[in-house]
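K.L.:
Protein chains in written order, with the working numbering: chain Y, 49 to 720; chain E, 49 to 720.
By construction, these hints were calculated from the structure, which means they are not laboratory data.
Heads up, some of the hints might be wrong.
For identical chains, the list gives no copy identity; a pair is met inside one copy or between any two copies.
Using 16 Å as the maximum straight-line C-alpha spacing, the simulated EDC-like pairs for lysine to aspartate or glutamate come out as follows [to be verified]:
| id | residue 1 | residue 2 |
| --- | --- | --- |
| 1 | Lys177 | Glu195 |
| 2 | Lys122 | Glu642 |
| 3 | Lys332 | Asp560 |
| 4 | Lys176 | Glu186 |
| 5 | Lys332 | Asp654 |
| 6 | Lys542 | Asp181 |
| 7 | Lys212 | Glu192 |
| 8 | Lys341 | Glu320 |
| 9 | Lys332 | Asp656 |
No experiment lies behind these values; they were computed from the predicted model shown.
Number of protein chains: 2
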Amino acid sequence: MTISEHVPESNVDVLIIGAGPAGLMAACWMAHCGVTTRIIDKRGTKIFSGQADGLQCRSLEIFDSFGFADRAWKEANHMIEICLWNPGPDGIIRRSDRIPDTIVGLSRFQQITLHQGRIERFFLDNIKKYSNDTIKVERGVLPESLEIDETEVEDQSSYPVTVKLRHLTDEEATPQQQISGSKISDGLFRSNLTHTDDEDDLIRKNKSRAGTGEIVHAKYVIGCDGARSWTRRALGFELLGEATDSIWGVLDIIPITDFPDIRMRCTIHSTENGTLMVIPREDKLVRLYIQLKEVTPDASGRADRSKISPDSIFNAAKKILSPYKIDYEYCAWWTAYQIGQRVATRFDSHERVFLAGDAVHTHSPKAGQGMNISMNDTYNLGWKIALVAKGIAKPSILSTYQSERRKIAQDLIDFDHRFSRFFSGRPAKDIMDAEGISMGEFKEAFEKGNLFASGLSVNYEPSNLVSKAVGESKEVLSDATSSANAFTKQSLAKGLPIGMRFNSFKVVNQSDARPWHFQEKLRSTGQFRIVVFAGNILSPPQKKRLEDFCEALGAPDSFFRTSATSSPPLDAPIEVLTIHSAERVETNLMDFPEILHPYNPHTGWDYDKIFVDDVSYHEDTGKAYENYGVDKERGCVVVARPDQYVGWVGDLEDFKDLQRYFEGCLMLSLRA
Amino acid sequence: MTISEHVPESNVDVLIIGAGPAGLMAACWMAHCGVTTRIIDKRGTKIFSGQADGLQCRSLEIFDSFGFADRAWKEANHMIEICLWNPGPDGIIRRSDRIPDTIVGLSRFQQITLHQGRIERFFLDNIKKYSNDTIKVERGVLPESLEIDETEVEDQSSYPVTVKLRHLTDEEATPQQQISGSKISDGLFRSNLTHTDDEDDLIRKNKSRAGTGEIVHAKYVIGCDGARSWTRRALGFELLGEATDSIWGVLDIIPITDFPDIRMRCTIHSTENGTLMVIPREDKLVRLYIQLKEVTPDASGRADRSKISPDSIFNAAKKILSPYKIDYEYCAWWTAYQIGQRVATRFDSHERVFLAGDAVHTHSPKAGQGMNISMNDTYNLGWKIALVAKGIAKPSILSTYQSERRKIAQDLIDFDHRFSRFFSGRPAKDIMDAEGISMGEFKEAFEKGNLFASGLSVNYEPSNLVSKAVGESKEVLSDATSSANAFTKQSLAKGLPIGMRFNSFKVVNQSDARPWHFQEKLRSTGQFRIVVFAGNILSPPQKKRLEDFCEALGAPDSFFRTSATSSPPLDAPIEVLTIHSAERVETNLMDFPEILHPYNPHTGWDYDKIFVDDVSYHEDTGKAYENYGVDKERGCVVVARPDQYVGWVGDLEDFKDLQRYFEGCLMLSLRA
């Protein structure tokens, strides 16, 4: 850029750098909350195949909260069972165990596999719909410099982050991902069988701008630009940790084989030839992960990738699978990489520039965690930035991004370390073989790993968004009212641990008798939710308790009345949902205080706020109170954060503590 | 058209006249089977709101077989409960009963409501996808004449039906549906809230052709052009029956009301003011059906519709609902009509021109049957025409369209007659009031009506597609082997009555342990399916029986080898699916004869053909044999027609009878 050139300048609330799953998740929040946003990516096209493919239960719950889990669920391969194969005394592999891939009862979803290109397509469609096509990925755009004006970072009306962008020419924007020496494309530009993307989405480059620069002033920048993150380097942050000497080869093929478990998720240990992971995919594809034994790192510690080809990877797989035969004609994608296990020193700068996904953590592919943890990073971050940018939440909530997510990244690396040994190690020959890994040990590790890998064991530490005592995560069910940091009563809802995601059980709509998984009502709108477990409202004393709570909630100085108003699509910062435990047919909507089913002069009463824990005709319902650990007579009150994590639990009488929770995180002021 | 004008002529396999749900269902079959097809509609745009809205279980099963039930299921309102309201001794209405809207256990779906415009949208998207955009609705096109060359109707290579078409100008194609005297539009040109249609789908008129004519020579014509069908008149067929004196008003509103069951399906009888039906809909809408008392037909028997307005309809509803209050601001659509109960004399001419939907039957809206029965007409017809046009099936199967569907139309009218009395009648004041209708009687009629209305009680009569004895429909479970007309053993699969749709229970995929509702595997591809209940294949004698069956199936002179080859997308006329009853973990795919999981040299073994009736981790499975009434040791063989109706049941040894079934309906010849 020369000085004489006219460089356009503009302001934007949020600038997202990188349009992979983490960046798209952030953009999705902004679309749903109505925050002015730009998202750029240096690549000229979206991807079509290969790359990450495993979707964990929690990621599907999140997709569902935005409204597109059904698309992934329908197209994907469902992984139901893990088969463990090991050598017998004769050295020949045989199936030694079967375990369920997803722990039964943990979530209404199960783990599925679908290639990253489709997942990005679902995000793009959803962002388009909810932003009215105002948020579009700008491809072929490269950030060149990033500056934070430290004098302005406290001023919420300012745009303290300045980023220079350059619009690439076509040649510059075409990535070179073909690994030399290979005859098979790595698939980046090849459509993945039947699903087509709209041409104009593929290359959304602004051709008239090619080769020019521009300056963007942003309130917030989110760097989701991968393991070699430009944003991270611009901030001068480092990834701590080290590369392992594990080299993994990956092949996406349609296998022709007599191996009976080729459509199961398998881990196959061989005596001499290493370990193979089999991940069945959509459209007849199967992904093979092979830890390559035959590639030795050079003096610099890096393996020479030119020695790796689809053939060398496939030959390694063939040896492991022997005596079963395997072959293929169609290969959709392949790659090879050396695993680093690293976490960034910091996740944000001045709570104005944030890093997420591979930019702050790298690890092995064994548990299929990369894409999931990355999307969960920005699912945690997005609503916080959106609510602060809209003046609804206090800027102080932004510090919880690093405190909540850096811990997860570290847990992930620890998990990866522990898990690696089981893959890299040689199976024990017998019980006396101390260096080998016993298969009992392996199975146990796998089962524990599955809970972590589901994404459902996440338990956030105390903060102004999580009202519990320090250390309470470890003893989830103790009451914390005595602690200075908390004003919460975990014991009233033992099945809803504070700091964990709101578990889902089926309830029935009071007004139309339709059963719902309650989580379906905790949509990602940006709203906090007060879930009123109203108890048995046919009991007059209990009804009085409910009425008193509702009166406090509706008082002019209640947080519910003094929280900031918002603009569409985020209509109100807080929604109230009710689950009562009386019989549905003995109660009517009109029996409940109006604040629980608000009246709109144009459209009447709201029929979608009050639910009942009762039996229904077609589905197994009526166990929500029991599963949530809530007393059916007396109920309780629970706060769900906009990301479905439990923030507070209290009695119907604990309105002051509830007020205190929202004073801690929302901007409150008496309205004129 | 003047003689001097050049009139273009062309051939097409199938010409569909009318692009409502019945016409689109026919086009959908043609898209899935790969049959050259044109579909025309005289209207210039698709509809956006109003009209039919109830989708019965069977319609959803059909949508699912094409791949789009999920879209309807997600957007629609789910109707769970019917509330019956009646006057008490004081004349004030009260809830007298609740019954489930859909009979529990009947189908994996339940009744839903969603406006016709969305349903047409799902069809259009599906037709576009499966026809590779070759089948498009041509709007603003009017048929002007239809001739059948009787000398050519027996020649399968001929195009004996000649239709002259005229491409309308914009003015001609814009319907006048506004009812005079009304201030509210009837909604034909108003978008229904949030869902948008692509602009170019709205008006697919070929502008350059406006005002010109063309001549189309078709193998088959399907007239789906409504109650005033041009096609029916062109054939000279009549509707037999008569108009009732029932005038119904319909309003789609967002109600503002304290009536507690406004989100339930309700029938409200008042003492003096008639009957109101409440049908809750998507997007906060509620449809009110009111039988209007105050409009008297004129001398011609027709009511003067100019006396009817939204206000007059709404005032009638208000009176019935009193003492509850109801009001509205938003009305999406309204109409009023006089009900005729009529069935056409014939459903086809020379088995070359067929009529379907409202063109051959009209009736009241009370059971929400119109759109459903109409779509089921062409669901029955479409595959028959497609398979005959492709040279796969014998032309003689086409006569079953009239024999199967005319009976349903007559049943529908009978049902409507019986049901009408309960709506038009006055509630009995007490047990001595013989002219009034007792509420017990009403409830009983409603429950019986629900089974009919679900679409799942359909039981087709014997034909070359339904192998059972005449009269067997009434005694479903008798064996018919002694009958000259049948060669079938119903007793081997008591839960799969021959002539009824293949009921669905959950099974587990042998290769990847994924549970499926078995019906999900009976997709509408145009294929007949042989469902092999393989029994306990771990028992050597049973395995031998299976192997013998498979050997007969694979023999060069078996129907399976001599049926006509087909072109994509209909790859083969017959698919074989297997459900065995041994334990999944004790069996492998490779234990089964290859014909049950065919090998493809490019993609390996087929992993999607063999299922097991066994328990699974996450879902309730393992009861399929029991529910289908099949012996778990010995199994049996069942034929499902391309439309999922059961055509034949026999033993593994009854290969000759199976051969005879297919000889009756398919074109067979030894291959060179």
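K.L.:
Each hint needs a verdict: does it hold in this structure or not?
P.N.:
Checked hints:
{"no.": "1", "hint": "Lys177 <-> Glu195", "in the structure": "neither (33 Å within a copy, 48 Å between copies)"}
{"no.": "2", "hint": "Lys122 <-> Glu642", "in the structure": "neither (39 Å within a copy, 28 Å between copies)"}
{"no.": "3", "hint": "Lys332 <-> Asp560", "in the structure": "between (42 Å within a copy, 12 Å between copies)"}
{"no.": "4", "hint": "Lys176 <-> Glu186", "in the structure": "within (13 Å within a copy, 29 Å between copies)"}
{"no.": "5", "hint": "Lys332 <-> Asp654", "in the structure": "between (46 Å within a copy, 9 Å between copies)"}
{"no.": "6", "hint": "Lys542 <-> Asp181", "in the structure": "neither (43 Å within a copy, 55 Å between copies)"}
{"no.": "7", "hint": "Lys212 <-> Glu192", "in the structure": "within (5 Å within a copy, 65 Å between copies)"}
{"no.": "8", "hint": "Lys341 <-> Glu320", "in the structure": "within (10 Å within a copy, 88 Å between copies)"}
{"no.": "9", "hint": "Lys332 <-> Asp656", "in the structure": "between (41 Å within a copy, 10 Å between copies)"}
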